[in-house]
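Residue strings, one per chain:
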Amino acid sequence: MAATVPSVEPGNSVLLLGNPVAQAVDIQRARETLAAQVTASGTVAFEQLDRVPHIQLARSAYHAIESGGIAPSAFPHTDAVLARLHAALRPSGTLRIREPVLVDYAAAATATATEALRLPTRTAGNLVSALKLAGYVDVSVEASTPLDDESVARCVMTCWGVTSEEVPAVAEYLKGKVLLVDVTARKPAYEVGAAAALPFARKKAATAPAPAKPTKQAVWTVSANDDDDEDEHELEDEDALLDEADLMIPTKLVPDDCKPVGGKRKACKDCSCGLAELEEAEAADEDDAKVVVVTPKKKVATAPASSCGSCYLGDAFRCGSCPYLGMPAFKPGEKVVLAGNLLKDDVEF
Amino acid sequence: MHPQHSSRPFLILYASETGTAQDVAERIAREARRRWFSPTVLSMDEYDRSQLIDEPIVIFVCATTGQGAEPATMTRFWKFLLRKSHPQNILSNTRIAVFGLGDSSYPKFNFPAKKLHKRLVAGLGAQPILDRGDGDDQHYLGLDGALDPWLEELWPKVLQLFPLPPGKEVVSADIVPLPSFEISYGDDETQQQDGLGDVSFASMGFKGNGSVSAKPTAAQLSAVVRVNRRLTAADHFQDVRHFELALDPSVPLPSHHPGDILVVQPQNLPDEVARVIEHFGWTDIADTPFTLRPTSPDVRVPASYPTPLTIRILLTNHLDIFGRPRRYFFHLLSFFTTDPLHAEKLRELAAPQGQQELYSYAHRPRRTMFEVLQDFHSAKVPLKHLLDLIPPIRPRSFSIASSPTARPGQIDLCVAIVEYSTKLKAPRAGVCTKWMKRLKPGDIVRCAIKRGTLRLPPLPPSSSSSSSLSVSPPVVCVGPGTGVAPMRALLQERIAAGARDNVLVFGSRYEQADFLYAEEWRAAVQDGALTLITAFSRDQEDKIYVQHRIAESSALIYDAIAVRHGYFLLSGNASRMPVDVTAALVECVEREAPTTREEAERIVAGWEKDGRFQMECWS
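Chains A and B, in that order, give the protein sequences.
Throughout the first sequence, residue numbering follows the UniProt record's numbering, covering 1 to 349 in sequence.
Throughout the second sequence, residue numbering follows the UniProt record's numbering, covering 1 to 619 in sequence.
These are computed hints drawn from the structure, not numbers from a lab.
Because the structure is a prediction, the values reported are computed rather than measured.
Just to be clear, a hint being listed does not mean it is correct.
Interface residues of chain B toward chain A, partial, derived using beta-carbon atoms under 10 Å [what the hints assert, rightly or not]: (1) W36; (2) R83; (3) K115; (4) L424.
For every residue, glycine included, the Cβ atom is placed at its ideal position computed from N, Cα and C.
Could you put the whole structure together from the sequences, leaning on the hints where they help?
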């Protein structure tokens, strides 16, 4: 695993990310290398990669961030991490990362990751997209090296949080499927939330004050605060505002299949009615006051034939032939009676 | 007048007559809130119009009133927009959308909204987000028939112009929305959300279970019932009532005119309200006082609600629980049902694809909200959500049937009680008229007086009953059925002022059963103050209607209107009747002038423009 390529300048403020498996001596060496590059006028900050989701990084602070250069370069950078690093970078700042990716989409589809299980789950292409979505520009894959089987096995065992029983199977599966990529990316030169006038922008109220607007505002304000005593102000003829098209009256106001009787009904959930049963049920309509529906499925001798058993649910559920149409919902087993004032016919015929 | 602009202001201006446009405006505000806008909802007469050019987006919700006029609350704002002095592109930085509420059985369907849209776009340069929406009561789904598709088109276009803030999504309509109000019992801070707990308010001097009437607003009057008498025969299928109401003499009244309209605020019946209270299990707390607290700055407690409120008062005077549910009702109710079958069905009925079924289940049989609640009995609606579920009871308008000169301090009404059957076993009854039917002398009616549109010709300067000379031009009144109500007011006024050259054309079904105010008209005929022409459609083989009698009396009518420059006034049911009567009038002119059909039509149109041919019809 090669050392990182120097990319920082004297006076830069740089963030270096380490990883939980790295040796202290390797970390130390990487820090010193960077410190030499930024010289005494620059600074090198250090964090652990797995701590990044849980800490507050300084916003827009670093000219460059480097991650994955310290052995082992076995740790993918999650979307959340990429976003946080983006915020920590200064505009035009550089991100350099090295991480393992999968060789193709088939492998990517079967790998899943959690915070504990840090398997690589992306292809290089996915990683590039992830960087772009996180707001980086000029994303470029500088190098791509397949990881040999021994290295894969070592990563599986020590870096990716795979449980010991699973290690053999996972290592076997990932053989030949892992690549190590070096990727650089840049944070755009503008900061989120900054505003700049676009050269072709029209005059809008909020931004550049347009020469015509002050006049409009003045004219309107004067008018608006005027007295309304009508005779002072000449008004447009409002009847002249309307033309042929405006005088048209809408015509399609009733659904086409609106029939005087019944209308379009949805069949109830387990309707099993046939036409003959429909006729019978309608004939039995008159005797509803005496009806007791015991359970939805059983048919009681005195009850009007219920085809589907949804009668008790109310009109919204009843089928077109229901003998209870027009009556309120009731509880199965309840005697169906029109309650209260409905019995008293207050319509004088 | 309106709160400081947030980063996503969204202005909704409404012009409402009965409250429906306000209802629509509030729905739009709900949907705007779910898209992370900060909506401001104001009536057009409350809005500080000097702010208008700074508004990035304004939605106008505009009702129609009378025969096609804008609501009173819109007139000032409208006249302001009409000024010729505005530069043509003054609103070019503002994006607008207009939705009108109207009824296509009126010829001037949605005229205020149509004119508003035209003026804003063509005259003032505003940028329309989408086409105007024309809500129509005659659509089988009512207003929703136009509103739902219009909103579906509106929102994507709005979000294109004003994208969601980064990281935000449209809040799902599938979560329970915040209620508009919180309920606050008692003086202490403890909140009892579902009205449980006992609080004693004897010390507040509050007597429960009373008919505590609402605080009157500026225009609200209280009239006392003196007479409630049935006019139609006892065996006739339609129940038409004559009411006499007395205005409180100690309250100074603006003088009203013949032809004016009484706007009545109905109440629900006490026994029906008791049944609703029992259904919700609120019997023990039905008379416990509470106050409402709005949960967001753009919500206000309606001015007509008294403080404190009780559940009984709310259900009796304010919530239209026996009215017809709109789609949002089904949507909101689905959150409170514990039975998954019910929830699923309610969602289906609220979905766009379920509109046919909704029509079949709710609209066509005229099912009430309470009946839906009884069908979906698993629904447990907390009180605070009930206020969002059930809209307010809308006032109803009736032509005043008495003349202020002949009957000072008295208001007569002629009201047909709305009763009919649909496939629902329980018969249907109009919310307002079923209450009015039960009014007894001494009962209070909360009402207001609104200007009517019918205008009499100038009356003789002083009434001298001995003089049979009438200086005033003749008047022909056509008032079939309850359309006779404003005619009675106009004719009483004329006769009291000594103008005796009057013709009444009255139509109904049976001379013996529903000849409204028969004795009064016959007395006026005896007195020489009225020529009476009647048409009783079912008293013979052929149907004879007022338009037939008009055509038959062409000489008399032509003489009165064309020769002696009289007025021809029509009132009654909209739809076919005005069209047929106009055609009959044209026929009179054609025959008597004599002239061609086209010329006759032109003459009659001229009379209309001059205000000598007037129609006030309702649907």
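Hint check:
{"no.": "1", "hint": "W36", "verdict": "17 Å, violated"}
{"no.": "2", "hint": "R83", "verdict": "5 Å, holds"}
{"no.": "3", "hint": "K115", "verdict": "5 Å, holds"}
{"no.": "4", "hint": "L424", "verdict": "5 Å, holds"}
Comparing the model with each numbered hint stated earlier shows that hint 1 is the single one that does not hold.
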